[in-house]
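The listed protein sequences correspond, in order, to chains A and B. Just so we're aligned, residue 5 is where the first sequence starts under the numbering used here, counting upward by one. Just so we're aligned, residue 607 is where the second sequence starts under the numbering used here, counting upward by one.
Derived by calculation from the structure, the hints in this document are not laboratory data. Some hints could be false.
Unchecked claim - Under the rule of at most 30 Å between Cα atoms (straight-line distance), these lysine-lysine pairs were calculated in the BS3-like manner:
1. B:Lys835 <-> B:Lys782
2. B:Lys720 <-> A:Lys19
3. A:Lys20 <-> B:Lys653
4. B:Lys870 <-> B:Lys977
What the hints assert, rightly or not - Covered stretches of chain A, going by a simulated chain B footprint (3 or more residues, C-beta under 8 Å):
5. 8–20
6. 29–37
Beta carbons: idealized from backbone N, C-alpha and C, even for Gly.
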Amino acid sequence: MSMVAELFDFLNSRKKLWLVPLLALFLVFGGLFVLSQGSVVAPFIYTLF
Amino acid sequence: MIVLGISAFYHDSAAALVRDGEVIAAAQEERFTRNKHDPAFPLNALKYCLDAARIEPARVDRVVFYEKPFLKFERLLETYLAFAPKGFSSFRKAMPLWIGEKLFQRDMILQELKAVAPDLAAREKLRFSEHHFSHAASAFYPSPFEEALVLTMDGVGEWTTTSAAIGRGNAIEIIKEIHFPHSLGLLYSAFTYYTGFKVNSGEYKLMGLAPYGTPVFKDLILEKLIDLKADGSFRLDLDYFDYCTGLTMTNRCFDGLFGGPPRKPEEQLTQHHMDLAASIQAVTEEIVLRLAKSLREETGQTNLCLAGGVALNCVANGKVLREAVFDRIFIQPAAGDAGGALGAALAVAHREGDLKRTLPQGPTAPRDGMKGSYLGPEFTQDEVERRLKAAGAVFAVAADDESLIEQTAQALADGQAVGWHQGRMEFGPRSLGNRSILGDPRSPTMQKTLNLKIKYRESFRPFAPSVLREKVSDWFELDVDSPYMLLVADVRQDHRKPMSEAEKALFGIDKLNVPRSDIPAVTHVDDSARIQTVHADTNPLYHGLISRFAELTGCPVLVNTSFNVRGEPIVCTPEDAFRCFMGCEIDLLVVGRCILRKSEQDPALARDYKNAFTLD
Chain A
5 MSMVAELFDF LNSRKKLWLV PLLALFLVFG GLFVLSQGSV VAPFIYTLF
Chain B
607 MIVLGISAFY HDSAAALVRD GEVIAAAQEE RFTRNKHDPA FPLNALKYCL DAARIEPARV
667 DRVVFYEKPF LKFERLLETY LAFAPKGFSS FRKAMPLWIG EKLFQRDMIL QELKAVAPDL
727 AAREKLRFSE HHFSHAASAF YPSPFEEALV LTMDGVGEWT TTSAAIGRGN AIEIIKEIHF
787 PHSLGLLYSA FTYYTGFKVN SGEYKLMGLA PYGTPVFKDL ILEKLIDLKA DGSFRLDLDY
847 FDYCTGLTMT NRCFDGLFGG PPRKPEEQLT QHHMDLAASI QAVTEEIVLR LAKSLREETG
907 QTNLCLAGGV ALNCVANGKV LREAVFDRIF IQPAAGDAGG ALGAALAVAH REGDLKRTLP
967 QGPTAPRDGM KGSYLGPEFT QDEVERRLKA AGAVFAVAAD DESLIEQTAQ ALADGQAVGW
1027 HQGRMEFGPR SLGNRSILGD PRSPTMQKTL NLKIKYRESF RPFAPSVLRE KVSDWFELDV
1087 DSPYMLLVAD VRQDHRKPMS EAEKALFGID KLNVPRSDIP AVTHVDDSAR IQTVHADTNP
1147 LYHGLISRFA ELTGCPVLVN TSFNVRGEPI VCTPEDAFRC FMGCEIDLLV VGRCILRKSE
1207 QDPALARDYK NAFTLD
């Protein structure tokens, strides 16, 4: 939970709370991807993340 | 104040330790794990830094990570939003990684630190520094300047891709930034990808390929791909790139513009690829020069500090030097992300320790604070002998440094390739005479031998010279310190050899086989060389070796290439050096005072090294 609170504080300090609904949506989708994948492995391609 | 800096989780993980502003130790994780560009938490490098500083973990005042994960996440979210619904495939790959790991980086780092020592893992000790601020700090704080313009350029950190700052005393103030997706580093990487090299690793190959080509696409790049302003600021036309939303650097529009799909890795290189390399190199130089000139004019600063991956483009650096935009230039030797660990540590040390900067004194002027970049592990003579014996090596021990230098210099003058493992390992991507393979630059066959029989790498790639600082202007069109091999200059006219008409007509790589100077092994096809000046005060043994070689041959220059084969991290330990020696055609290995001749080794210890590593 501390990460969620930290992230909220961060977005608040950046005046970007408008990203929160989007973030929630992304977290749901992302969570589903995590569950469907089984393991979290960086893809063997060039990425900017 | 003792500060530990860490870079990790992307590529080139590293750790660095700074005590009261003095750089004590720094190393990349890949050197310990033997996994090139290792992105894992730098556990081994961190332990080494603590050992080298001889301190208990509890005495570390701050631990600092080189970038801010939340800010990077913000960039990702906003980028996906801006391009939606495009980018779903990238989103699908990125989100599990972030939700599963990267958003929890604070906890991950604390957990890893706890595994090293519970005393290190205090939440209140942990700091995060912005990526480009880390780069800026890595360039300014160790520089020999009281005041300077600090220019950082790379692919991307959080949002920033290019930043300009003023460093003054112990403070750095960012004055300008260019933000993602507009990035000089990513533009260069797009061409790296398109010409079939690995992104974040093959950029220097593209730079080495450029002199074989003609910049015929320069105008096309400037017309279609990038809107370059007079002051060097720029915007990319994202219609030609895929990196914002996809899993590749370029797209079909890019293919259409340059006449076909990207080259596949290891496919034949053609003149087309060489022309592309020459073109993007010319554009990069133009951008860097415009940025440097406009910032010089705007700020009035006379000293320049450079860092970020683009600062490893030594050809562009050489252009900035030659155009005399600034009086003096300092380039951080670990200019890539590994150096971010050092910069982050220095930034926090100066901000929270309120330190006064003191510039180390060199023989004639202040020296930079990087200690020659010899910041990695070293091994005592007893340890070397014990380790080599355990590895099954057969060796003789030189009586003293003088005898060691004499035997090595003789072998070099006889045309042998020598593995040279001495003192502390270098920090950064270059070998600077402590973990190096050395050769005679006068030999017309040395370049080919080193590339094909020792390094097992592409035949077009040039080698760099190490030259005595006091002799550099006798051999090259350069008369400043270049201790980190980050400046390119031409071989002096009186050492060049004119090419015949038939030789001039040779195509691309064939030109490399024509001896174009008295030191053909280190002269590129455009007569340039990536120079390392060797200084008696930072590396007396290596300086002594080149001096003796000069007495024997009249040439104060050696070929210096990193001690590894293609795809292998540079050797760290005596065992790594012995393994590499037994896996390729190095004739003589010198580790500390131990001298190993190939003919005396047990043939059963020879190994197939050529295919031992994934190609880079």
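Here's how the hints hold up against the structure:
no.	hint	result
1	B:Lys835 <-> B:Lys782	holds, 15 Å
2	B:Lys720 <-> A:Lys19	violated, 34 Å
3	A:Lys20 <-> B:Lys653	violated, 39 Å
4	B:Lys870 <-> B:Lys977	violated, 41 Å
5	8–20	holds (count 6)
6	29–37	holds (count 6)
In the structure shown, a violation is registered for the earlier hints numbered 2, 3, 4, in ascending order.
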